[in-house]
Amino acid sequence: MIRKRRPLSAIIIVFCIHNTTEGFKNLTYECEHTPFAKNKRLCILTIAKKDDPTIKLLYEIAKRVFQDEATEEDARQDAIITVCNKAKSQFNKATSLLEEDVSDPRARKPTMNCFTDRLQLMDSLRIKYTPTPASPSTTTTTEQSAPLPRSDDGQFVDDYRKEQLQKGTWPRHELE
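Quick note on numbering: the sequence shown equals residues -23 to -1, 1 to 153 in mature numbering (1 follows the signal peptide of the UniProt record, and there is no 0).
Any given hint could be a false lead.
[Said to hold, decoys possible] Derived pair list, reagent style BS3-like, types lysine-lysine, alpha-carbon separation capped at 25 Å:
hint : residue 1 : residue 2
1    : Lys40     : Lys65
2    : Lys65     : Lys105
3    : Lys63     : Lys105
4    : Lys139    : Lys105
5    : Lys105    : Lys70
6    : Lys63     : Lys86
7    : Lys86     : Lys105
It should be emphasised that the hints constitute simulated quantities derived from the structure, not laboratory data.
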């Protein structure tokens, strides 16, 4: 069927981790024209058209595949945040005790620097692992996000498609 539409051979690589159900086997050729594939989005959360059938199928597959992993990841994040908060309070307490007990500033400076470094580390880890809600602009529209950087492989594919278009073998709407 693909050879009838295009004179070039298509190469498709599929990695299957779990068996797919019958409901996921009905993807058609038209899925390449969805906003997700056409705009080269890396994440389906940035797609505004959540009612698109292909996007719905991708959500359903992702939900089934990653449900347990997401729960474990949330537990890991909570544990890291708890450790960071407790360590930060302990470093703050140690810093105040050091200021009270050691009167010579030169004697306490190396220890204070160490505590300050550890406090900054705990803050950066806490910020890194604290989940942030998606902003409304990224979840409601696809046009406001910045263009994705292109890798050398992607550039090769685009150049090849443009070359083939000049030969008249690719429909123009696919280059948009």
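Structure-based check of each hint:
no., hint, result
1, Lys40 <-> Lys65, "35 Å, violated"
2, Lys65 <-> Lys105, "15 Å, holds"
3, Lys63 <-> Lys105, "16 Å, holds"
4, Lys139 <-> Lys105, "41 Å, violated"
5, Lys105 <-> Lys70, "23 Å, holds"
6, Lys63 <-> Lys86, "23 Å, holds"
7, Lys86 <-> Lys105, "28 Å, violated"
In summary, the numbered hints that this structure violates are 1, 4 and 7.
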